[in-house]
Amino acid sequence: MISWRAIAVATLFAVAPALLAGEIPPDARRSGYTFMGPDTRAMQDDDTSNPGMLFVLDGEALWAKKTGSANRACADCHGDARSSMKGVAARYPAFDKAIGRPVTLDQRINLCRADHQQAAPLPYEDRELLALSAFVAHQSRGIPITAGDDPQAKPFVAQGRALFMQREGQLNLACTNCHDDNFDKRLAGAPITQGQPTGYPLYRLEWQTLGSLERRLRSCMTGVRAQAYDYGSPELVALELYLMSRARGLPMETPAVRP
Amino acid sequence: MAALINVPSKARRGDIIEIRTLTSHIMETGFRHTADGKLVPRDIITSFACRYNGTEIFRADLFPAIAANPYLSFFTVAKDSGKFEFEWIGDNGYSTTASASITVE
Amino acid sequence: MPTTRRQFLSLASGVTVAGTIPIVTLRPIEATPAMLNTAIRNVVGEAQIRSGKVKLDIPPLVENGNTVPMTVSVASPMTADDHVKSIHVFNEKNPQPNIGNFYLGPSSGRAQVSTRIRLADTQKVVAIAHLSDDTFWQVAADVVVTLAACTEETN
Numbered sequence: 540m541i542s543w544r545a546i547a548v549a550t551l552f553a554v555a556p557a558l559l560a561g562e563i564p565p566d567a568r569r570s571g572y573t574f575m576g577p578d579t580r581a582m583q584d585d586d587t588s589n590p591g592m593l594f595v596l597d598g599e600a601l602w603a604k605k606t607g608s609a610n611r612a613c614a615d616c617h618g619d620a621r622s623s624m625k626g627v628a629a630r631y632p633a634f635d636k637a638i639g640r641p642v643t644l645d646q647r648i649n650l651c652r653a654d655h656q657q658a659a660p661l662p663y664e665d666r667e668l669l670a671l672s673a674f675v676a677h678q679s680r681g682i683p684i685t686a687g688d689d690p691q692a693k694p695f696v697a698q699g700r701a702l703f704m705q706r707e708g709q710l711n712l713a714c715t716n717c718h719d720d721n722f723d724k725r726l727a728g729a730p731i732t733q734g735q736p737t738g739y740p741l742y743r744l745e746w747q748t749l750g751s752l753e754r755r756l757r758s759c760m761t762g763v764r765a766q767a768y769d770y771g772s773p774e775l776v777a778l779e780l781y782l783m784s785r786a787r788g789l790p791m792e793t794p795a796v797r798p
Numbered sequence: 003m004a005a006l007i008n009v010p011s012k013a014r015r016g017d018i019i020e021i022r023t024l025t026s027h028i029m030e031t032g033f034r035h036t037a038d039g040k041l042v043p044r045d046i047i048t049s050f051a052c053r054y055n056g057t058e059i060f061r062a063d064l065f066p067a068i069a070a071n072p073y074l075s076f077f078t079v080a081k082d083s084g085k086f087e088f089e090w091i092g093d094n095g096y097s098t099t100a101s102a103s104i105t106v107e
Numbered sequence: 561m562p563t564t565r566r567q568f569l570s571l572a573s574g575v576t577v578a579g580t581i582p583i584v585t586l587r588p589i590e591a592t593p594a595m596l597n598t599a600i601r602n603v604v605g606e607a608q609i610r611s612g613k614v615k616l617d618i619p620p621l622v623e624n625g626n627t628v629p630m631t632v633s634v635a636s637p638m639t640a641d642d643h644v645k646s647i648h649v650f651n652e653k654n655p656q657p658n659i660g661n662f663y664l665g666p667s668s669g670r671a672q673v674s675t676r677i678r679l680a681d682t683q684k685v686v687a688i689a690h691l692s693d694d695t696f697w698q699v700a701a702d703v704v705v706t707l708a709a710c711t712e713e714t715n
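Protein chains in written order, with our numbering: chain A, 540 to 798; chain B, 3 to 107; chain C, 561 to 715.
Just to be clear, a hint being listed does not mean it is correct.
Stated by the list, open to error - Computed list of lysine-lysine pairs in DSSO-like fashion (alpha-carbon distance at most 27 Å, straight line):
id, chain 1, residue 1, chain 2, residue 2
1, C, K645, C, K613
2, C, K684, C, K615
3, A, K605, A, K625
4, C, K613, B, K40
5, A, K636, A, K693
6, B, K85, C, K645
7, C, K653, B, K81
8, C, K653, C, K613
9, C, K645, C, K615
These aren't lab readings, by the way, just hints derived from the structure by calculation.
Modelling step: build the complete structure from the supplied sequences, incorporating the hints.
The structure is reproduced here in structure tokens:
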């Protein structure tokens, strides 16, 4: 037995030398989809029954709609999103050189609105922002996640990882306590997933609408009785970036459906 | 706001075809309260109808127990080429329509 | 219909009872709460409601009560002489017992409708079909609704 364990440990180090303690190795990473029942899977699988597709359709219309005092549409600069936006969401949050920190896809859309359309920013969780974000991310469906690969993003990935490992709230729980250490077990009847953000913005049956990863993170924080970080705060963006880098290699699913 | 309609574009005469519709609507039940105790007024789709070349082939009365973004699937016999028209009617004067065409051979 | 939790539990307790005392008590059919009964009578009037012909596909254990997929189908040739006129779906414990009324006809070809419903709690769902000969047929299913582990504050 002892020799077997030694071999197992040696193999682990040989295959995945870059893994930090407690992290899920690439071949064991699982989308939340694999934790769902057949009915919820079926809802995601068929585009004509996936309610998230309603938002993708709205986003497609918004993509071509002129807006702001510049009277310019996303399509006027970016053309056909099917080619220009392919793979983009799989790299977000991405480092922005001008402001010197990573921005989420939602923030990128609002930066574009300010800089190129001279339009007011859309509020977080606003239907139009979610629709645009869903439409853009949908162009990456099936593409493996590579967010966090940019060397300039590394310090922010590290910041996000530290937050993921940090206990917080009245329940004194860190993200890692559930999503690294106890996935596949159940919490109040619901399966605990690995927390891989493969399909955002996604349609959550609980919400009965589309929502962002930030909304999901905030509701997790409320769940452990912690004070949730504000939308767009550097902490939430860093957490989002770490989660995406932790899901490296998993294919994008936007718009996913989750319970 | 969007509606998703799924009707086969082609069918053979006599085929039984499935029609699926999904439409954007919050379906506010009228039974929920805000944090300060005020009732959120009901805002739902109350009826749906589908006409095939002008003849009604399916109709539904919906209640607050229908989930947000209502999904409906039903069947009909493909008779002639032509048009399906869909109509959703609801609270606060809500009314929206969509259509889809079919070729029957 | 898949075995529901309630059926399973009653079966299990029946076995226990039979194992200890040699008397098997038949469990009475569950009483229908008054609101559900009234809603059903508003549709069927005084007509007799028979069991059979109707099939209700709904997960016995749902992941979230806010969006529960459901399919009702009725064994019917769907001809001019013999077809389903309407399907009515009810629940037991939501604030209102009605879920939906669906009107079909011979041109439907198949008596089957699917939708997604809200169930506020673990409860019974009843589907009733009104046939062209003015008979009414029903089926009931028990659905266990699990609560989400982390619900957020209303916003």
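*Would you pick out the hints that fail for this structure and give their numbers low to high?*
Violated hints (numbers, rising): 4, 7; every other hint is consistent with the structure.
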